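Chains F and C supply the protein sequences, listed in that same order.
The first sequence finishes on residue 481 if you use the working numbering, and the numbering steps up by one all the way, no holes.
The second sequence finishes on residue 208 if you use the working numbering, and the numbering steps up by one all the way, no holes.
Hints are all accurate, no fakes.
The calculated lysine to aspartate or glutamate pairs, modelled on DMTMM-like cross-linking and capped at a C-alpha distance of 25 Å, are:
| # | chain 1 | residue 1 | chain 2 | residue 2 |
| --- | --- | --- | --- | --- |
| 1 | F | LYS94 | C | ASP55 |
| 2 | C | LYS185 | F | ASP426 |
| 3 | C | LYS185 | C | ASP170 |
| 4 | C | LYS185 | C | GLU200 |
| 5 | F | LYS440 | F | GLU207 |
| 6 | C | LYS179 | F | GLU474 |
| 7 | F | LYS440 | C | GLU83 |
| 8 | C | LYS179 | F | ASP100 |
| 9 | C | LYS144 | C | ASP106 |
| 10 | F | LYS94 | C | GLU54 |
| 11 | C | LYS103 | C | ASP170 |
| 12 | C | LYS129 | C | ASP101 |
| 13 | C | LYS179 | F | ASP426 |
| 14 | C | LYS179 | F | ASP90 |
| 15 | C | LYS179 | F | ASP477 |
| 16 | F | LYS440 | C | GLU92 |
| 17 | C | LYS185 | F | ASP415 |
| 18 | F | LYS440 | C | GLU73 |
| 19 | C | LYS185 | F | ASP100 |
Computed footprint of chain C on chain F; a stretch qualifies when at least three of its residues, placed anywhere within it, have a C-beta under 8 Å from a C-beta of chain C:
| # | segment |
| --- | --- |
| 20 | 419 to 426 |
| 21 | 430 to 444 |
Non-contacting residues of chain C with respect to chain F, defined by C-beta distances greater than 10 Å in every case (computed):
| # | residue |
| --- | --- |
| 22 | VAL82 |
| 23 | GLU83 |
| 24 | ASP101 |
The set of hints was computed from the structure by calculation and includes no laboratory data.
In this text, all values refer to a predicted model and were calculated from it rather than measured experimentally.
Beta carbons are placed, not taken as given, at the ideal position from N, Cα and C, and that holds for glycine.
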Amino acid sequence: MTDPTPDISPLDTAEIRRDFPILDRDMNGKRLVFLDSAASSQKPRQVIDAMGAFYEHSYANVHRGVYAIAEEATNEMEGARSAVARFIGAPSAEIVFTKNATEALNLVAQSWGRANLGPGDAVVLTQMEHHANIVPWQMLSAELGFEIRWIPIQLDGFLDLSTLDVLLDGAKMVSITAMSNVTGTRPDLDLIIGAAHTAGALVTVDACQSVPHHRTDVAGMDADFVAFSAHKMCGPTGVGVLWGRAELLDAMPPFLGGGGMILDVTLDGFRPDAVPGKFEAGTPPIAETVGLKAAVEYLESIGMERIEAHEGRLTATAMRILTERFGDELTIHGPAEPAARGGVLSMTLADVHPHDLAQVLDTHAVCVRPGHHCAKPLMRVLGVGATARASVYLYNDEDDIHALADGLAEAADMFRL
Amino acid sequence: MPGLEDLYREIILDHYRSPRNRGELESPPAQRVEGFNPLCGDEIVVYVRVEDDKVADIAIGGQGCSISQSSASMMTSAVKGKTLAEVAELAGTFKGMMSIHGSSLEGDTAELEPTTMELGDLEALRGVVKFPVRIKCATLSWNTLLQAIEEATTDGAES
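All chains should be built: construct the whole structure from the sequences, respecting the hints.
Next comes the structure, spelled out in structure tokens:
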């Protein structure tokens, strides 16, 4: 049952920060201002303790033992699977644990793609995709000979959907981000997924930047595959999720081979296990799934709608403060309207290279990320080699934005040509 | 904790604001090589014309941070007209200075190992070693130059 009036009351960021031990670190007398959650998020004590407690109390290999702690470990991991399933509105049996979102996308390409794509077929991507949603398709296309088509991104941060019908004509798969890790652009997935399905194409969604920040409902989305990573949503590194519709996953051949994904192995061959086991070869990142469960529960305890509202307000505040203070000297790439974008702010500060900008900000203990953000095609469209990217999450507040602005001002003074 | 003054010496900012030898050389006869920094965001193009075992001419293009651009600019001034053997020695000395194994991370830069060869303006980059992530910014142009020289001499391309 969905709550018709979701709670969007303000977050107590001071209280939330107390949950994150690393945010208490003294950086040479300065407070750690972490504005790089788009690269990876910090972890609350609840996640750290859950993993430690698991190792101290219940650790054993899963699915393979009869003794008590093997049973407990298995229950913990399957409990994590259920928690993730609930978090994104899917059945447990459709949740595949991978190493990360990149592996999940490679899984779709190599398993679904290899079985369904050939010369004459087309896969549609966008120019703003992360390399994880480009390179696996390019690798496969070089082998199998299908065409890759591109939905263009405009300088105003929106996708150019004027030729969507042409791009979709004869396409078998559309693989698209739910939110750009550079511009914060949030494509109109309702429109694009609807059009794709009408044209007979499946849709894969790279949800790395959306699952941690917005309520996700894969059924409502009507996607066919969704990929995301734990480490961007307050969970540990080493575990990611591929959700896929049951009938698709059932029909797909295995991705990685080994133990745990088979029903039988003889000298002549093997019979794969049912989903999700079929796609989980080898010993999984067990403690990491326990950490992911704790992360899900932590985020649920705060409320995804509250987190989204918080970030929306903070993004609007940040854009206002930065444009007021720097005017034309600062370009914030992506949609100009805060309500049209996520809390990812890629910046170009006149004359100051992102490396130098990030270096100066480091002396203020402000963490931003310089570079191409694994989105080189997008960088070329924007006409820059790199940007300095600040991104907000539930533990950031207006003080963080002021610290960012102060650092930017110092960098501008230092490097002004 | 090392301060920004260790990294951004005035001479570095000077080379960043007024880079020497920017442009292109017709290639061939010059060798053109592109280099990318693993600390992503720096790209360099080095054009080098090798003649009579010397760097007869050199030009650089591309875009990047103050460290990569100033290092590239200083490099062109340092190597223009030098013999390939001198360039190799200069590169070795510079990269040695940039190596975190060959120098101390703590303490004054003045206490660091003296170099065997006159580095001139390049000395200003000594402080980069206190910011290990930026070492690749400083060495990008040198590595690209060495690759260009190797390709130029392997091809037997001499005009």
